[in-house]
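Visitor: Read off the chains here:
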Amino acid sequence: MRSSVPFYKLIWRPVYPRCTIRRGHSYHSENHPQPHPFPHAQEQILSSAMRHVPTHGFSMRALTEGAKESGYPEVSVQLLPRGVFDLINYHLVTQRLALKDRVQFTKDSKLGAGKKVRTLTLERLRANQDIIHQWQGALGQMSLLGNIPASLKELHMLSDEIWYLSGDTSVDTSWYTKRASLAALYASSELFMTADASKDFAATAEFVDRRLEDVQKVGKTVGGLGQFVGFWASNTLHLARSWGMRV
Amino acid sequence: MTTKAIACGRTAWRSLHYFAKRKKCQPIVYRCFWCSIRQSQKTEERIGDGRITHFGFETISEAQKEKKVGAVFSSVASSYDTMNDLMSLGIHRIWKDHFVRSLNPGSTSGKGWNILDVAGGTGDIAFRMLDHATQVNGDHSTKVTIADINPDMLAEGKKRALASKYADTGRLHFVLGNAESMPSMPSDSVDLYTVAFGIRNFTNKDAALREAFRVLRPGGVFACLEFSHVNSTLFNAVYKRWSFGAIPLIGQLVAGDRDSYQYLVESIERFPAQEEFRAMIGDAGFLVPGLGYENLSGGIASIHRGIKPL
Numbered sequence: 001m002r003s004s005v006p007f008y009k010l011i012w013r014p015v016y017p018r019c020t021i022r023r024g025h026s027y028h029s030e031n032h033p034q035p036h037p038f039p040h041a042q043e044q045i046l047s048s049a050m051r052h053v054p055t056h057g058f059s060m061r062a063l064t065e066g067a068k069e070s071g072y073p074e075v076s077v078q079l080l081p082r083g084v085f086d087l088i089n090y091h092l093v094t095q096r097l098a099l100k101d102r103v104q105f106t107k108d109s110k111l112g113a114g115k116k117v118r119t120l121t122l123e124r125l126r127a128n129q130d131i132i133h134q135w136q137g138a139l140g141q142m143s144l145l146g147n148i149p150a151s152l153k154e155l156h157m158l159s160d161e162i163w164y165l166s167g168d169t170s171v172d173t174s175w176y177t178k179r180a181s182l183a184a185l186y187a188s189s190e191l192f193m194t195a196d197a198s199k200d201f202a203a204t205a206e207f208v209d210r211r212l213e214d215v216q217k218v219g220k221t222v223g224g225l226g227q228f229v230g231f232w233a234s235n236t237l238h239l240a241r242s243w244g245m246r247v
Numbered sequence: 001m002t003t004k005a006i007a008c009g010r011t012a013w014r015s016l017h018y019f020a021k022r023k024k025c026q027p028i029v030y031r032c033f034w035c036s037i038r039q040s041q042k043t044e045e046r047i048g049d050g051r052i053t054h055f056g057f058e059t060i061s062e063a064q065k066e067k068k069v070g071a072v073f074s075s076v077a078s079s080y081d082t083m084n085d086l087m088s089l090g091i092h093r094i095w096k097d098h099f100v101r102s103l104n105p106g107s108t109s110g111k112g113w114n115i116l117d118v119a120g121g122t123g124d125i126a127f128r129m130l131d132h133a134t135q136v137n138g139d140h141s142t143k144v145t146i147a148d149i150n151p152d153m154l155a156e157g158k159k160r161a162l163a164s165k166y167a168d169t170g171r172l173h174f175v176l177g178n179a180e181s182m183p184s185m186p187s188d189s190v191d192l193y194t195v196a197f198g199i200r201n202f203t204n205k206d207a208a209l210r211e212a213f214r215v216l217r218p219g220g221v222f223a224c225l226e227f228s229h230v231n232s233t234l235f236n237a238v239y240k241r242w243s244f245g246a247i248p249l250i251g252q253l254v255a256g257d258r259d260s261y262q263y264l265v266e267s268i269e270r271f272p273a274q275e276e277f278r279a280m281i282g283d284a285g286f287l288v289p290g291l292g293y294e295n296l297s298g299g300i301a302s303i304h305r306g307i308k309p310l
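Protein chains in written order, with the UniProt record's numbering: chain A, 1 to 247; chain B, 1 to 310.
These are calculated hints, taken from the structure and not from any lab test. Idealized CB from N, CA, C, for every residue including glycine. There's no promise every hint is true.
[To be verified] Subject to a maximum C-alpha distance of 35 angstroms in a straight line, what follows is the list of computed DSBU-like cross-link-like pairs (lysine-lysine):
no. : chain 1 : residue 1 : chain 2 : residue 2
1   : A       : K153      : B       : K96
2   : A       : K68       : B       : K68
3   : B       : K159      : B       : K68
4   : A       : K68       : A       : K107
5   : A       : K68       : B       : K96
6   : B       : K111      : B       : K205
7   : A       : K220      : A       : K107
8   : A       : K68       : B       : K205
9   : A       : K68       : B       : K111
10  : A       : K199      : A       : K116
11  : B       : K111      : B       : K240
12  : A       : K68       : B       : K143
[As the list claims (entries may be wrong)] So, partial list: chain B residues that the calculated Cβ filter (under 10 angstroms) puts toward chain A:
no. : residue
13  : V69
14  : G70
15  : A71
16  : L103
17  : G219
18  : P309
19  : L310
Okay, chain B solo, but in the shape it has when bound (with noise of 0.2 angstroms):
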């Protein structure tokens, strides 16, 4: 090799390693997908003296979670329902009525069921339930208690609950309430708890289900609709550039809020895969039937289900 060449490598290694090392001092100002993945996998370092928890790929202390979690929901409780179609395709309407249809809510002997919907805000489950139940089963007591922790959401539920037929029926009931420990509903009383895209923000998710445990009868059972992990490696590609390359731009421009959208998505992936949660249920107690999950649109989300045994 002559020197020429040798010195004109040379060169060329000095710019590369140059350039390698600018960029490394580059702050990040935006969060794309490689980023956002690269944040994820950040060594976990313990922040003051609380405990810590996820919020999105950022690790913070829990009682920070819960503020930071209220500010996103009361953030998008406006363009909530125009935010999933426009996200989702339209296919979280789908997901919802599968949902629904498959627990056939309501009683064919007159006594109505005790449903309670967590995290149901918008009470987009809580009128498909008493739809379901009216018109399917022809059951005009099974009642529904909306519980969610989010003042801005509950409010935006109140409001279209007003303009359906349930308005005056009694059968509707909102209360605001942390998931984790709800004191106001006495142990054993409700027939079948539901939460649906609501599990992945909360702070505790083990005394979440524990607290479930506790207010089903027995017999009772908890469902849970919710984003999952995608099995398909292709499709999971596909999916994670659509999750982490649109949704915030969607979230931008439609409802002007690209950091709670961001958020969303990175909650997703943080969300423990579908057998993970299913050991998290078993752990609570519940039995778990069959798999214990239902996959949704080829994993994007699944319906978790347990039953309080007898």
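Bound-form chain A, shown alone (with noise of 0.2 angstroms):
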């Protein structure tokens, strides 16, 4: 038999939304333990690599060497599709979760939320330190027109990551200056950081230190603008009302 299909049909089909699997969850929850971000055999050769990076950079040649290393012919860096933003991403993603590890406030800590996120800052910087000569390499990388959606995320996600553990809780509008400011705040610190010689980087905790100051103040100002802008707002708006207009 043959099947009639009405002649718009063969042009205009309907788009249905696909189904995806969703692996892990879509919001964070401390009940139930985080997926591994890496399939095993990823990690495996992204782990040697990373020990390859300080001498080699983050490169195809600290790929191979990690694939070698792990046991895997040179060709299975195929695995890993974006190539050395994936060794990248590799770097960002555990740095990130290895936070909550290296940094624990205790319940009862006096510490206010600016000095949280100052160590909690700190602490990822110091996460850079045996790379920090390659890191310039992995911020051009990083810059490069298809890696930049995928590097902003990962940024939002830190910087997300820092509010969350320095226990952070406000649903408002301030949600989001906070991850704006602070992700700006870590980018510029992260750049200052890679021509820091000064001991222990020393020089960087400075700059940290100055920014955060910085951002505090603006948040002032526009927090104090706001309330002066709101106050004068409602006051005209009363103003007008006893003046007998309908608004």
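With the hints as a guide, bring the two chains together.
Guide: Structure, rendered in structure tokens:
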């Protein structure tokens, strides 16, 4: 039998949303263990490759050396479709996830949110110290057009992680401004650190302190300005009402 | 309503009916886009006792397919390159270059790779592999074995190999063989298995994937460049117009062979979509990295990869 298809269907076909299987959770849960971010084979190659980064930088060379070290032939780096960026991403993700084990605040910690954010940021920057001489190359890779979205997403995830670990529970618009300003602060500090020759990266710590002060000042100014504008807006409204306007 | 109007309507209806009926009786003499689509939607019937498979939109027995595909490629072997350029507007060269560059063949530490290029008769991929290994990675020991089921395509490749700089280096080997069973290739011996624009024509794709899994060494890579399915509806309409309208016509004018190129576009239409083919690669035992495929030119072609686990 010949099935008849309406003429228009040959050109136009409705597009149905594809069902995708989402792995893990779309939210952060303390009650469920988070799934491991990398599959076993990739994890093996990448973790071995990280050991070669101080000498070979974030490069294909480090990846092939890593593959060979973990018993794979050179061709197996095809497991990482984004190549060098996969290696950079591995460093970013593993260091972000390691942050919660490296810095732990006690429940009755008297530290203010600002101090906690400072500690966490510096701790994360310290995780870069072994590979900091190769980090400019990595920043270059991250700024390539195709890698920018993934890099920005990872930056946001880090900023979010730091605020979460510092105990921030805001649910208003400051959720966004806090994450955005911390992301900007972290990105500039990281760049500063690549050129920091001081002992124990003391200059970077000072840089972070100055930026945090700036952010707080700007935050206060913006907050004050908001209050001021709000006050005058409501005053004007009441004045208009007192004159009998229907507003 | 007046009787006149009713009579008029009835006449019009009758003539419409008549035309419709007459059209239905006409045999299909040529295969246009719409006819092909309709033909592709025919219900499948079993032919003879043997197992059946597809030859373009036709349903034929497996035994026949090998013969028919052989005839197609024997017929197109000599004009293969010119036709590829005309049909893809030269883009197939960019795809092949990208394919080879992304695989980055060639060892940096002396011991060369053992590459098997299946269905690579004319040597398109093989020469690019050797060029990349030699010029980019400075590797002079990587070898490529070209396997093809069609002696005419292999003859074309051998002719070109003689003209290339790899003529007597011992880095190129030609093997006549079926990808579904390659007893001449030992198990666990190949670093990189490539098949570019070939797997579509295999009678039994699953058997070919299993054979690829057998010959690859653990950690070895299966990479496949093949026509695939366009994901944008609008672009798809334009693309289908081109492939079903222009390609058989170009084939007729340039190569003097319409049927072979009609088969070509029909076989592209029949080939499983990206997700489906990725699942087939996974079923053969390969690890599929990331998304599992990379679309080229909006999905006209795509690169699939699989890695044999350790």
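Visitor: Run the distance test for A:K68 versus B:K205: straight-line Cα separation, threshold 35 angstroms.
Guide: Holds. A:K68 to B:K205 sits at ~31 angstroms (cutoff 35 angstroms).
Visitor: Given B:V69 as an interface hint, is its Cβ closer than 10 angstroms to any Cβ of chain A?
Guide: With Cβ-Cβ at 27 angstroms, over 10 angstroms, it is violated.
Visitor: Holds or violated: is there a CB of chain A closer than 10 angstroms to the CB of B:P309?
Guide: holds (7 angstroms)
Visitor: Do the alpha carbons of A:K68 and B:K68 lie within 35 angstroms of each other, as the hint requires?
Guide: violated (44 angstroms)
Visitor: Holds or violated: B:L310 as interface residue toward chain A, Cβ cutoff 10 angstroms?
Guide: holds (6 angstroms)
Visitor: When the nearest CB of chain A is found for B:G219, is that gap smaller than 10 angstroms?
Guide: Where the cut-off is 10 angstroms and the nearest Cβ of chain A is about 4 angstroms from B:G219, the hint holds.
Visitor: Given the hint that A:K68 pairs with B:K96, does the C-alpha gap stay at or below 35 angstroms?
Guide: holds (27 angstroms)
Visitor: Has the given pair, A:K68 with B:K111, been kept, meaning a C-alpha gap of at most 35 angstroms?
Guide: holds (12 angstroms)
Visitor: If you take the shortest Cβ to Cβ gap from B:G70 to chain A, is it below 10 angstroms?
Guide: violated (31 angstroms)
Visitor: With a cut-off of 35 angstroms on the C-alpha distance, tell me whether B:K111 and B:K205 pass.
Guide: Distance ~32 angstroms between B:K111 and B:K205 Cα, so the pair holds.
Visitor: Is A:K220 close enough to A:K107, meaning Cα to Cα at most 35 angstroms?
Guide: Since the Cα atoms of A:K220 and A:K107 sit roughly 27 angstroms apart, the hinted pair holds (cutoff 35 angstroms).
Visitor: Hint check: A:K68 vs B:K143, CA-CA at most 35 angstroms. Holds or violated?
Guide: holds (20 angstroms)
The structure is inconsistent with the numbered hints 2, 4, 11, 13, 14, 15, although it conforms to all the rest.
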